[in-house]
Amino acid sequence: MRILANTNFNFIRWRWHAFVLSVAIIATGIATMVSRGGLALGVDFTGGTVIVLQFAQPTGEDVVRQALRSLGAGEIAVQRYGAANQNQIMVRLPLLAGVEQGSNLDADAARVEEALKAASIGEFKRISRDLVGPTIGRDLRRKGIMATILALLGIMTYIALRFRFSFGVGAMIASVHDVLVTLSLLMLFQYELTLNVVAAILTLTGYGVNDQIVVFDRVRENLRKSRAEPLAHVINKSVNQTLPRTVITAGVTFLAVLALFLFGGEVLEGFAFAMLVGIITSTYSTVYIASAVAVILSKRRGGGGPQTMTQAQAKARRRA
Amino acid sequence: MYANLRWKILAVLAVTVLAVWSFYPPSQKIKLGLDLRGGVQMVLRVHTDDALKVETETAADQLHEALKAAGIAPTAVKALSLTEFMVEGIPQTSDAQFRQVADQQVTGSFDRESRGGGSHVFRMRPNIAVRNRSDAVTQALQTIERRVNEYGVTEPIVAPYGASGDQILVALPGVDDVNRAKDLIGRTARLEIKLVEGVAADEATLLQSHGGKLPPDMETRPGLSGTQGDPSKVLYLVKRTPVVTGTDLRNARPTIDDFNQPAVSFSLNNDGAVKFGKATGANIGRQLAIILDDFVQSAPVIEGRIEREGRITGSFTPQEAEDLSLVLRSGALPASLSYLEERTVGPSLGQDSIRAGIIASIVGLTFVALFMLSYYRLAGINAIVSVALNLVILLGFMAYIGSVMTLPGIAGFILTIGIGVDSNVLIFERIREEVAANKGARQAVAAGFDRVFLTILDTHIASLISAAFLFQFGTGTIRGFATTLFFGLLSNVFTAVFVSRTLFEFVLSRRPAGAVRLSI
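Chains as they are written, first to last, in this note's numbering: chain H, 1 to 320; chain Y, 1 to 520.
Since the hints were made in silico from the structure, they are not lab data. Any given hint could be a false lead.
Below, computed lysine-lysine pairings styled on DSBU-like, alpha-carbon distance capped at 35 Å [unchecked claim]: (1) Y:Lys233 with Y:Lys53; (2) Y:Lys239 with Y:Lys213; (3) Y:Lys439 with H:Lys237; (4) H:Lys225 with Y:Lys8; (5) Y:Lys8 with Y:Lys278; (6) H:Lys237 with H:Lys225; (7) H:Lys125 with Y:Lys29; (8) Y:Lys275 with Y:Lys213; (9) Y:Lys8 with Y:Lys31; (10) Y:Lys53 with Y:Lys278; (11) Y:Lys233 with Y:Lys29; (12) Y:Lys233 with Y:Lys213; (13) Y:Lys239 with Y:Lys439; (14) H:Lys125 with Y:Lys31; (15) Y:Lys213 with Y:Lys68; (16) Y:Lys78 with Y:Lys233; (17) Y:Lys233 with Y:Lys278; (18) Y:Lys29 with Y:Lys53; (19) Y:Lys78 with Y:Lys278; (20) Y:Lys233 with H:Lys143; (21) Y:Lys275 with Y:Lys439; (22) Y:Lys31 with Y:Lys53; (23) Y:Lys439 with H:Lys117; (24) H:Lys143 with Y:Lys278; (25) H:Lys143 with Y:Lys439; (26) Y:Lys275 with Y:Lys68; (27) H:Lys225 with Y:Lys439.
Chain Y extracted, bound-state conformation (with noise of 0.2 Å):
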């Protein structure tokens, strides 16, 4: 009698129980990739030198209020490039002052550089710079997750992409309307609210009342005229700092302006709320542009004070108005973004990949199994017993580690259909030439068994390294099939080693111990 044989059994029973009920029902337990499921895939790379802009800028802005407000006026600050602002016409005498009001200010992130004369470049350091641009990835991620969320997709994904450290992955299966979801996710949704100084049709109008020139605290913007049913474009003269800004708000909801048409309505937190109410109550009378990405939307005059509730009104349609507040909602992104790739699959095209990878799998184990059956005989079943289990326990795996089925992983599960049968195919031949060499059934096959177990270690091993580089370079479903071998391969050496074993040892056991014929 063979040892331990029960143990054995019950352990191969345990294992197929284990893998069925990791993946029943499988409609809820396996998830289908993209390209089965239908939906779009794309690439985003987050364009961190606007981060560092608006960074440098900030600083340089904050730098100047300070420098006022210690009663130094600098004749100009100015930013050079992405990481570097110039302070000019610092007076002699208020040197030592300047210093010590810029070291408080914008030491830390900032080297100052003096060039003589009562200039000084402020340079980023460049930890600080890398330290930015990552940051700004992480918040483009987080905010592209929350609007994402809020539009309602199940299972999404978005995660950061590739080495260069500035690209962004998102999957949203099931959604068809891909440009809507590229106008949500892709919409830097930058709110601003500022004083209006003047509106005009051009320039030169605009800035005809300050000679001509851009005073350094102001700044034009593009927008509506504010009329209703007016589409066309004027020019907006607003003060440089916002009175409130997005990261204000507290909530942004659609709802109906005055004329009944789609508008958004927002309500801000404590600290915006303190700002907004200070502002409003001193310019009463005077017009507030509410700008979005850089754009006046609408610029209401101011009737009283207003502490916490807003209203942007603009030509909205429903939609568009719904759209905005979930964009408002979730922050702004901290830099513009751009997209590298798009994949859309239709719902129907996944369907039919799906019949067709069926189909595929069914015709592929007949043929083997008919194969099997026919060349070996009762081995036959052995085999097939053992490449059916592979593929169960696969399935577990799959499931128990959340690994999505893409069509070219059907193409893995097909392959680890060929790589059972390699395995068994070794065996059984070694099996044979045993019983050529006139051994007895018990002895062929253990001899059989032990003489082929290192070389399909060694063949598996090879395997499992091209499975390893294939996922390393695979992207979503590639990724899909390189798991769905090396998992394969991996299960394969129990199912065609213990297994099999089990079965042939279970077969000889109910024997005479002196068998010799086998039905191999």
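Looking at chain H on its own, in the form it has when it is part of the complex (with noise of 0.2 Å):
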């Protein structure tokens, strides 16, 4: 059995069409996210509690809102937590303005509990709880923010020392698209920015960087086979070679990550969608965005004609 062996689409030709295409998913996410007044960063990033509490019996969301109402504390999310029958509910609370740095970091979670029991609304026992203070997340802020650009630029230096620098900037621009089109999606289907869902993010930096090696190194190596091809074929010659291996990989990963998702259980859902976006995400973009760059750029450099070619091959040739 085989798919897509010997395909020749012409993939570089399409590259306009690609970019309006990210550019309206990307402005779509933009959107939605000043719609609704920012990113939706989760307790870790921006302090608060959660808490996930178990009822002896089925407790609908309503009931949970109803009795927390006394508290009179503007934004309490009251969502399902898991599996339906479990009759788990997760309440949620922001960082509250008078809630002095740690001191007592756990005073809202034991006064949604004290509500609760003073609502008589059923049993209930306390699952997890997490509080987070507003250095912590902060700190946290910082430090994703941080861990993502650093990740991006050390994996583009990486590409450029082994590769051409405008292979580097490629990647680069394909690995900041994946993260924008990520975080777009993520925000369309609401999910929150968690810690979680940040790592996925991080992986997924390294994950799409995997497919584009792959294509550089084709590129690579038909450049140092046939000379006089300008580099736009020679890019879409070997996108088109490595083309099963590209769609084979990233539909294996997108089945092994669906079973996390499918039955990973709640904590990793928002993780394990981003990964699902990803892949998608960094398959498609490995294609259109970090090869499609390349050819720019090394158009503007020179024209692609046969004196960047052998500039090129020159250089394969030394690290061959």
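Please assemble the complex out of the two chains, which come individually in their own frames, going by the hints.
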């Protein structure tokens, strides 16, 4: 059995269409973000309280919300958690202005449990509780942004050193694209940005680059074989040659992560979702973004004519 | 025949055995993280300002005492800020002598600055302040560690945290009474025993006999009235300098007092016993305040000379008495603490997560195995063996370095499956291309592996870079994920390239050298 063997799609020709599609998705994401007043950050980054309670009897979200109304604390979010038959409810509170730095981190959580007991809506026990103070939230926000930027720069430098500078830039732009598209889809599907989701995004930067390296590697090999061909042709040929591998790998990894998404439980759902989106996006961006940017940049720096070719070959030979 | 094939097979078997030996039996060798086991994890901040304040006040007091002993009487010695205190009213005549005493007492830690008119400001040296702060954090770490160990938590973590230098991470697996654990850890537990100069309901009455002003060598402290079962609070006037403090303790344990109420008895070390004996012998009939964290627990009347043993009474429950003895035994914290973060996972949620993680792994592995077998036929077996071996080696690694398994770590395992398959697909596709170019089976396999090796190395290095940054960013559970990913990538280079190739060569070695067909 074979899929996509000996294809000859002209990917590079469609690069501007792809560009429009990506911009459209990212723009939608940004529009959603603006309309909701910013990225939906989880308590890991904003500070706040998350409590998961398990009720002995089936208990509706409305009942819990009603019971907590007396607290009057602005935005208490109440939602079902985990499998439907487990009667678990998650209550999330933002960091209240009155909460002093750390001194009474658990005050909000205690008030929620008291209010629920007072409302006598049935027996419950606490399954998990996350209390995050403002300092930790701020630290993690900074660290998360730094880690993502540094990881991207590190990978770009590596590719620029191993291949060509323009490939490094292509990889970088493709990775940034993947991160933005993943964030946009997370926004559209109403997932919060938690610690786990950021971990998924960081993992994606590494994963997406895998695809790009495979293509770039083939480009290098083909450049060595055929000297006269323009770079755009070579890249297009290389993308086609590696297409079965690209699609199969993405498909198989997608299946494995799909299992995680379906059966991995509530805690990892956001993580798995971000990975699923990222796998598709990074496959697409390898074909359209990374290669296209490499072509565009190489043209600007000498027109992809014979001269550029020879330089590239010389480089490739020295490394081989 | 392939050269060294026998050795390659032996190497693969040896690595497999080593990995299995390292994590077997998994229930003992693989440690579960808090999110799978249940428990609580906290980040605390040590208020190192407290330690500086104490240091400055102590230095001021000591200098004051030394000056008095030398016959110099300043009009005032007072703390100005966390790191500064001022001595006022040194007569011109004793200036030289003052300088000498001051140099002996505090120079080295404090810089002196003359303000004229007999006033001098002492400022803690910046390097000393930095050292005091870091000492306070180290001391807090050690104290918390002792408390946690005595509390009986298995495999707790007490470690410095973050870049600010004053944060501590405490992880207590399996603990479900979070509030009690927090009380035990966060309690300052500074014990002081001081002579009582007066007791009254309010400050005005208390200071009446002193002309309404607090004498410089005394201070007021709130406390219980001391009558059994009376919860009302009164105010005590006590000497500033304690007779003994918590550092003079040798031991503390829960006991029962004369009214059959839970109490804590303590014994003093040699130094403490000498001081205590002298003070109690000289002050028979007076009251002695037992002060815990600036609150007077009780103020018994001294009935005779006491040296080693004492008792703290109050309205304790048996558990409070037990906890108080524990914190006294472990010593006082050098500074107060606050909680920056707390994450609690109940044991039931941990169980659910383990089950979900295992189901997801098995389903994921099955998906992948079915696909590889149907798409690459016999070579699919090759892929499955190398992916499975990758997971085995990864488990071995994790057990060997003592890394904990977290829920994101399980996700790391599933991703490792994906990475392993990726390498195999890359190789197999290449072999297919070589076969299509009419090469014999052996040449095709050899060319496939040779050509792809560098690509695999490049992809893995790029992924390792992002895993390393992930580790830097992460805390607790995310680190579990980053570690898994990191070692999964490393062992995958071995399994996908070396093991898979050995398997191919093993199969091909049993067929005639010119064979062309390859099940791929």
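Checked hints:
{"no.": "1", "hint": "Y:Lys233 with Y:Lys53", "verdict": "holds, 27 Å"}
{"no.": "2", "hint": "Y:Lys239 with Y:Lys213", "verdict": "holds, 14 Å"}
{"no.": "3", "hint": "Y:Lys439 with H:Lys237", "verdict": "holds, 22 Å"}
{"no.": "4", "hint": "H:Lys225 with Y:Lys8", "verdict": "holds, 34 Å"}
{"no.": "5", "hint": "Y:Lys8 with Y:Lys278", "verdict": "violated, 79 Å"}
{"no.": "6", "hint": "H:Lys237 with H:Lys225", "verdict": "holds, 12 Å"}
{"no.": "7", "hint": "H:Lys125 with Y:Lys29", "verdict": "holds, 32 Å"}
{"no.": "8", "hint": "Y:Lys275 with Y:Lys213", "verdict": "holds, 29 Å"}
{"no.": "9", "hint": "Y:Lys8 with Y:Lys31", "verdict": "holds, 32 Å"}
{"no.": "10", "hint": "Y:Lys53 with Y:Lys278", "verdict": "holds, 29 Å"}
{"no.": "11", "hint": "Y:Lys233 with Y:Lys29", "verdict": "violated, 54 Å"}
{"no.": "12", "hint": "Y:Lys233 with Y:Lys213", "verdict": "holds, 22 Å"}
{"no.": "13", "hint": "Y:Lys239 with Y:Lys439", "verdict": "violated, 97 Å"}
{"no.": "14", "hint": "H:Lys125 with Y:Lys31", "verdict": "holds, 27 Å"}
{"no.": "15", "hint": "Y:Lys213 with Y:Lys68", "verdict": "holds, 21 Å"}
{"no.": "16", "hint": "Y:Lys78 with Y:Lys233", "verdict": "holds, 29 Å"}
{"no.": "17", "hint": "Y:Lys233 with Y:Lys278", "verdict": "holds, 30 Å"}
{"no.": "18", "hint": "Y:Lys29 with Y:Lys53", "verdict": "violated, 46 Å"}
{"no.": "19", "hint": "Y:Lys78 with Y:Lys278", "verdict": "holds, 29 Å"}
{"no.": "20", "hint": "Y:Lys233 with H:Lys143", "verdict": "violated, 48 Å"}
{"no.": "21", "hint": "Y:Lys275 with Y:Lys439", "verdict": "violated, 94 Å"}
{"no.": "22", "hint": "Y:Lys31 with Y:Lys53", "verdict": "violated, 42 Å"}
{"no.": "23", "hint": "Y:Lys439 with H:Lys117", "verdict": "violated, 76 Å"}
{"no.": "24", "hint": "H:Lys143 with Y:Lys278", "verdict": "violated, 57 Å"}
{"no.": "25", "hint": "H:Lys143 with Y:Lys439", "verdict": "violated, 52 Å"}
{"no.": "26", "hint": "Y:Lys275 with Y:Lys68", "verdict": "holds, 21 Å"}
{"no.": "27", "hint": "H:Lys225 with Y:Lys439", "verdict": "holds, 19 Å"}
Hint check: violations occur at hints 5, 11, 13, 18, 20, 21, 22, 23, 24 and 25; the rest are consistent with the structure.
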